[in-house]
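Asks: Each number in my numbering comes from the position in the sequence shown (counting from 1) with 918 added on.
Fair warning: there could be bad hints in the mix.
[Unchecked claim] Think about it this way: if two alpha-carbon atoms lie no more than 25 Å apart in a straight line, the pair counts; the simulated SDA-like pairs of lysine to any residue are:
1) Lys1050 to Asn1293
2) Lys1147 to Val1219
3) Lys1051 to Thr1246
4) Lys1281 to Ile995
Hints in this document: simulated from the structure, not taken from any laboratory.
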Amino acid sequence: MDENKTPTPEEELPDEGKKSHRALLIIGIITMLLILIIAGAALIILRGLRGNEAVPIVKREETYTIPVTMEESISIIDPDEFAAMTDDYEDETEPPETEAAETTPVTEKTTQPAETEPPKQQAQTPIYEQYKKDPDVTNVLLLGRDARATYERGRTDSMIILSYNKRTHGVKLISLMRDMLIPIEGHDWNRINTAYAFGGIGLCINTLNDVFKLDIQDYMTIDFDGLTKVIDSIGGIDVNLTPDEVALYQSYGMIPNDTQPGSYHMDGATALKHARNRTLGSDFERTRRQRDVLIAIFNKVTSSMSLTDVTSLISSTLELVNTNLPVTTIVSLATDVMTNKSAISFETSRLPFNNTYNGAWYKKMLVIQIDIAENTRLLHEVLYGD
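With these hints in hand, go ahead and build the complete structure from the sequences.
Replies: In structure tokens, the structure reads:
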């Protein structure tokens, strides 16, 4: 597309085609999980959860030591140049038609790195057993997946840790930046979003537990093709818009010209475009918008829907969900949430945390190099209060 041409809504925000609906996959996952928690007493509905992808939890036979060195050298990018690049950079999540040509990485804003072939799919890795660090804290890994992908198991562009503390009634949502460079057992250092392709959900969970010393055992995935109907079915949501977002959406005709910054009521289609907005800011800002939409959905469900309404919503969307969460766990969480609904608090963040990372080139990939020790410390503060 001509760089001097202002993109239309069809060209930029909706981003139709292979990447359709990708940015909201994770919101669909979390929505389903939170709705299931709220309606946990409806056991007959909960038994409808599909478990055909259940990943076994096993004891680890061998000890894994995180490598301290990489196969190739890493080249740090100037922070200002990296910020400019990530404003425009959009990773491919579909395999290229032909092998990427050999190119020398440069740091100009308009140049994209040579994209590597998607990792070759391997057998599903089991989840390695972990002891809970805090009996009151339940951590669940949420993964987004496009059922229309042209290859069976691709990268996961949307990953969030959902944590609930029964003692404090706090819900924590930690977005994982897809380009974080971390060690993946058996696969050197790579972007975190390749772990799913290498070894499925099990390797995703094991990698997070290994690198950040976590205790995740549960997961939820979704093949999501229409969150708009979920949002519309609950009557829309209220989301806060910044002045820049208001100006952009007015220029696209998405919202009325008299709309002011602040709370704005969105239907499903508008919420989808908002959460997938890549025009303002980088992927960091996009994950923030996704968390805002998520919280708006949760607030709407808990404040205005009856148990009957929620059960009906689950019945119509349950086919999209796969999880290994036992019914007993969901019911336990449901009981606690419903009993202490007025005390529920939200805290959102993303990994890596501020001032703990650099942009870099590694194996011709634009990546985020992180301070693992510092991010582990800050993450434990958020999840466990350490």
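Asks: Compare the structure with each hint and give your call.
Replies: A quick look at each hint next to the structure:
no.	hint	result
1	Lys1050 to Asn1293	holds (20 Å)
2	Lys1147 to Val1219	holds (14 Å)
3	Lys1051 to Thr1246	holds (20 Å)
4	Lys1281 to Ile995	holds (14 Å)
Hint compliance for this structure: no hint is broken.
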